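Using the sequences plus the hints, can you model the full thing?
Here the protein sequences come in this chain order: A and B.
The numbering used here puts the last residue of the first sequence at 326; the count rises by one with no breaks.
The numbering used here puts the last residue of the second sequence at 661; the count rises by one with no breaks.
One or more of the hints may lead you astray.
To be verified - Here are the in silico distance ranges between beta carbons for each label pair:
1) A:D15 with B:G522: 45 to 55 Å
2) A:G43 with B:N647: 32 to 42 Å
3) B:N524 with A:G43: 30 to 40 Å
4) A:P240 with B:T460: 32 to 42 Å
5) A:E3 with B:D649: 25 to 35 Å
6) B:K380 with A:V266: 42 to 52 Å
7) B:K626 with A:D15: 53 to 63 Å
Said to hold, decoys possible - With a Cα cut of at most 25 Å, we get these calculated SDA-like pairs of lysine to any residue:
8) B:K458 with A:Y48
9) B:K458 with A:V33
10) A:K22 with B:G552
11) B:K489 with A:V33
12) A:K22 with B:G554
13) B:K543 with B:S486
14) B:K458 with A:G107
15) B:K413 with B:G554
16) A:K47 with B:V604
Bear in mind the hints are in silico, worked out from the structure with no lab data behind them.
Bear in mind the structure is a predicted one, so any value in this text is a computation, not a measurement.
Beta carbons: idealized from backbone N, C-alpha and C, even for Gly.
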Amino acid sequence: MAETAYWEAIRRAHDEEMANDKMVIAMGEDIGVAGGTYKATLGLFDKYGAERVIDTPISENSYTGIGIGASMVGVRPIVEIMSINFALLALDTIINAAAKIRYMSGGRVQCPLVIRTPGGTAHQLAAQHSARLARMFMSTAGLRVVTPRGPLDAYGMLKSAVRCNDPVVIIEHERMYNMKEDIPDEEFFRPLEGAEIVRHGTDITLIGYNYNVHLCLGAAEKLAKDGISAEVLDLRSLKPLDREAIRRSVEKTHHVVIAEEDEAPVGVGAEIIATVTEDCFYALDAQPIRVHAADVPVPYNAKLEKEAIPDVEDVYQGALKCLGRI
Amino acid sequence: MKADDQKRLLREMIFFRRFEDRCFEAYMERKIGGFLHLYSGQEAVATGVMEMAKPGHDYVITGYRDHVHAIKSGAQPREVMAELYGKETGSSRGRGGSMHIFDPTVNFMGGYALVGQPFPLAAGLAMGCKHKGTDQIAICFLGDGANNQGTFHETMNMASVWKLPVLFVCENNQYAIGTHIDRSTAVVDQYKRVCGYNMEASQHDGMDIEEVMPAAKKAVDYVRSGKGPYFIEFMTYRFRGHSMSDAKGYRTKEEEAEWEKRDPIRIYSAKLREKGVVTDDEIKSWEKEIDNELENDIIKFAEESPEPRVEDLNKYVLDDNPDPRWIGPLVNEGV
Numbered sequence: 001m002a003e004t005a006y007w008e009a010i011r012r013a014h015d016e017e018m019a020n021d022k023m024v025i026a027m028g029e030d031i032g033v034a035g036g037t038y039k040a041t042l043g044l045f046d047k048y049g050a051e052r053v054i055d056t057p058i059s060e061n062s063y064t065g066i067g068i069g070a071s072m073v074g075v076r077p078i079v080e081i082m083s084i085n086f087a088l089l090a091l092d093t094i095i096n097a098a099a100k101i102r103y104m105s106g107g108r109v110q111c112p113l114v115i116r117t118p119g120g121t122a123h124q125l126a127a128q129h130s131a132r133l134a135r136m137f138m139s140t141a142g143l144r145v146v147t148p149r150g151p152l153d154a155y156g157m158l159k160s161a162v163r164c165n166d167p168v169v170i171i172e173h174e175r176m177y178n179m180k181e182d183i184p185d186e187e188f189f190r191p192l193e194g195a196e197i198v199r200h201g202t203d204i205t206l207i208g209y210n211y212n213v214h215l216c217l218g219a220a221e222k223l224a225k226d227g228i229s230a231e232v233l234d235l236r237s238l239k240p241l242d243r244e245a246i247r248r249s250v251e252k253t254h255h256v257v258i259a260e261e262d263e264a265p266v267g268v269g270a271e272i273i274a275t276v277t278e279d280c281f282y283a284l285d286a287q288p289i290r291v292h293a294a295d296v297p298v299p300y301n302a303k304l305e306k307e308a309i310p311d312v313e314d315v316y317q318g319a320l321k322c323l324g325r326i
Numbered sequence: 327m328k329a330d331d332q333k334r335l336l337r338e339m340i341f342f343r344r345f346e347d348r349c350f351e352a353y354m355e356r357k358i359g360g361f362l363h364l365y366s367g368q369e370a371v372a373t374g375v376m377e378m379a380k381p382g383h384d385y386v387i388t389g390y391r392d393h394v395h396a397i398k399s400g401a402q403p404r405e406v407m408a409e410l411y412g413k414e415t416g417s418s419r420g421r422g423g424s425m426h427i428f429d430p431t432v433n434f435m436g437g438y439a440l441v442g443q444p445f446p447l448a449a450g451l452a453m454g455c456k457h458k459g460t461d462q463i464a465i466c467f468l469g470d471g472a473n474n475q476g477t478f479h480e481t482m483n484m485a486s487v488w489k490l491p492v493l494f495v496c497e498n499n500q501y502a503i504g505t506h507i508d509r510s511t512a513v514v515d516q517y518k519r520v521c522g523y524n525m526e527a528s529q530h531d532g533m534d535i536e537e538v539m540p541a542a543k544k545a546v547d548y549v550r551s552g553k554g555p556y557f558i559e560f561m562t563y564r565f566r567g568h569s570m571s572d573a574k575g576y577r578t579k580e581e582e583a584e585w586e587k588r589d590p591i592r593i594y595s596a597k598l599r600e601k602g603v604v605t606d607d608e609i610k611s612w613e614k615e616i617d618n619e620l621e622n623d624i625i626k627f628a629e630e631s632p633e634p635r636v637e638d639l640n641k642y643v644l645d646d647n648p649d650p651r652w653i654g655p656l657v658n659e660g661v
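Take a look at the structure:
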């Protein structure tokens with residue numbers, strides 16, 4: 001076991017998969033000579049060369065499309081899009097091509113492509129660098145969408161994604177790249193599907209994904225001091241969604257709060273609440289609560305930015321409201 | 327070129343024309359649904375270019391006007407027709423339709439209905455060829471309308487920087503749906519647009535297959551030799567509307583009549599007749615054979631094939647058979 005940062009875990013997965021299979025390549029802006037904006041490919045240019053660690057021009061839609069084309073003929077590209085905001089430029093090739101090629105070819109052509117991109121609000125990056133588009137990918141058939149909450153999943157899910165024959169979108173988070181966790185020294189894989197209980201509890205279920213899991217864990221700590229036992233469920237994969245895990249937990253606790261950084265209208269939380277009401281409405285003892293971002297472009301000002309996105313206190317308050325304590 | 331090959335090419339072009347005509351009829355009979363974009367008039371381009379490439383070996387990708395490119399790449403015409411009929415035996419198992427013909431067994435990597443999208447995909451196919459170190463090239467057929475998409479510029483840039491083995495074939499039929507190129511595009515000669523990307527390019531008559539072939543050979547050889555991408559433009563014309571719902575109100579009868587004189591089948595058959603390679607009777611007998619094949623094999627196959635099963639609606643969304651290690655349950659999940 002070694003304490004590993006999120007970015008180091010991603011870098012290690014890149015390195016091992018590229019060493020394992022020469023068909024694995026990495027491409028994106030500044031990922032080669034510069035080593036990647038978040039260091040996820042640091043040193044790999046020197047090790048694998050410019051043909052396999054490819055610095056692209058700032059042309060998101062087309063370099064993603066090039067990755068798709070290459071994946072159709074046996075190459076396994078890991079495409080980094082520096083910010084999920086810029087993935088909007090590539091939505092045509094992601095949603096209209098990568099996600100649909102298997103289906104519209106009747107299963108005869110596939111796109112084993114990985115797209116890594118950080119989605120979320122960091123520190124005062126303002127509106128055009130703070131988007132969270134999880135909901136947009138979550139509603140696209142033909143994609144897998146995963147949200148590793150820590151180094152263990154970041155490493156193990158990237159390795160699984162590289163070997164998966166479907167297009168996989170990995171949504172990382174700017175605020176997680178330096179987060180550390182012990183991970184095994186020997187190679188391992190983590191499933192691309194399935195939610196995970198990261199804290200067991202009996203009174204209320206706090207559902208999160210990606211960075212929001214940590215807000216849920218923080219809220220659970222606070223709730224414990226009030227004598228409330230909160231269960232924290234990490235969705236891990238937004239597509240496919242593990243409805244069964246959500247149902248099982250809610251049937252145990254009878255209360256549910258979902259924390260998301262997406263805005264409320266049509267956010268991930270809307271889907272989770274719909275899932276809960278469809279699957280286990282009669283297990284609920286109270287109205288489900290979603291804790292979400294304000295429906296505004298994220299402001300630059302630090303005080304306003306903090307107000308625009310949920311934090312531990314917001315999740316804690318949401319839980320108290322759900323439990324009828326406030 | 328040998329007389330036999332010349333005859334074969336003329337017969338192929340006649341086949342492509344009649345295949346598209348038969349699609350038109352089937353659409354009017356409501357046997358084919360959705361959008362249908364026919365290739366009539368442009369046959370010399372796909373036929374001539376692919377004749378100089380290695381069909382089935384090189385990768386081919388195009389837009390939604392894709393039937394002829396697929397068949398010339400080696401796809402079975404009966405499977406293409408079955409696809410238009412939405413049948414399980416279709417080249418995309420009935421899931422794609424006219425605009426999304428795929429046949430990876432002959433490296434035909436698809437028709438795409440987002441204008442300009444195939445540019446980067448083609449460069450990606452070429453990157454795959456380069457990465458694997460094969461002598462394959464990628465050939466991307468697209469119209470002049472597609473060149474106004476951002477993907478055109480982004481891809482020309484990257485293909486050139488990375489010297490990818492990709493041949494861009496611009497089929498300039500002068501209309502982007504119903505808008506004439508004069509009204510949509512600042513530089514009318516499309517081949518000139520890539521000089522900004524330091525790419526080899528040339529422009530040729532796309533109605534005369536004897537003009538298409540030597541130009542295509544030069545371009546194909548250039549790309550295959552590893553020198554990088556090439557952009558070749560063929561001036562052509564589509565005889566039918568953009569799609570079946572297009573009444574062609576944007577162009578005059580005079581213009582159409584002018585281009586009809588330049589019908590690639592008319593031009594090539596006249597040349598071959600003049601040389602004594604082929605006779606009118608021979609052409610007539612081919613037409614009969616082709617109509618017979620269309621009716622009694624291709625259409626019959628499409629008509630008689632089964633539709634996809636409704637139980638299979640969700641098939642082909644994701645990998646049917648993923649590795650259980652990556653998809654399976656989490657080992658450390660609690661209760």
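Hint by hint, here is what the structure shows:
1. A:D15 with B:G522: 45 to 55 Å: violated, 38 Å
2. A:G43 with B:N647: 32 to 42 Å: Distance hint for G43 of chain A, N647 of chain B holds at roughly 35 Å.
3. B:N524 with A:G43: 30 to 40 Å: Roughly 31 Å apart at Cβ, these two residues keep to the hinted range, so it holds.
4. A:P240 with B:T460: 32 to 42 Å: Since P240 of chain A and T460 of chain B have Cβ atoms about 36 Å apart, the given range 32 to 42 Å holds.
5. A:E3 with B:D649: 25 to 35 Å: holds, 29 Å
6. B:K380 with A:V266: 42 to 52 Å: holds, 48 Å
7. B:K626 with A:D15: 53 to 63 Å: holds, 56 Å
8. B:K458 with A:Y48: Distance of about 15 Å is within 25 Å: holds.
9. B:K458 with A:V33: Measuring from Cα to Cα gives roughly 23 Å; hence the hint holds.
10. A:K22 with B:G552: holds, 21 Å
11. B:K489 with A:V33: holds, 19 Å
12. A:K22 with B:G554: OK: K22 of chain A and G554 of chain B at ~23 Å, within 25 Å.
13. B:K543 with B:S486: Status holds; Cα separation ~20 Å.
14. B:K458 with A:G107: Holds: K458 of chain B and G107 of chain A sit about 23 Å apart, inside 25 Å.
15. B:K413 with B:G554: violated, 40 Å
16. A:K47 with B:V604: violated, 61 Å
The structure does not agree with the numbered hints 1, 15 and 16 stated previously, though it agrees with the rest.
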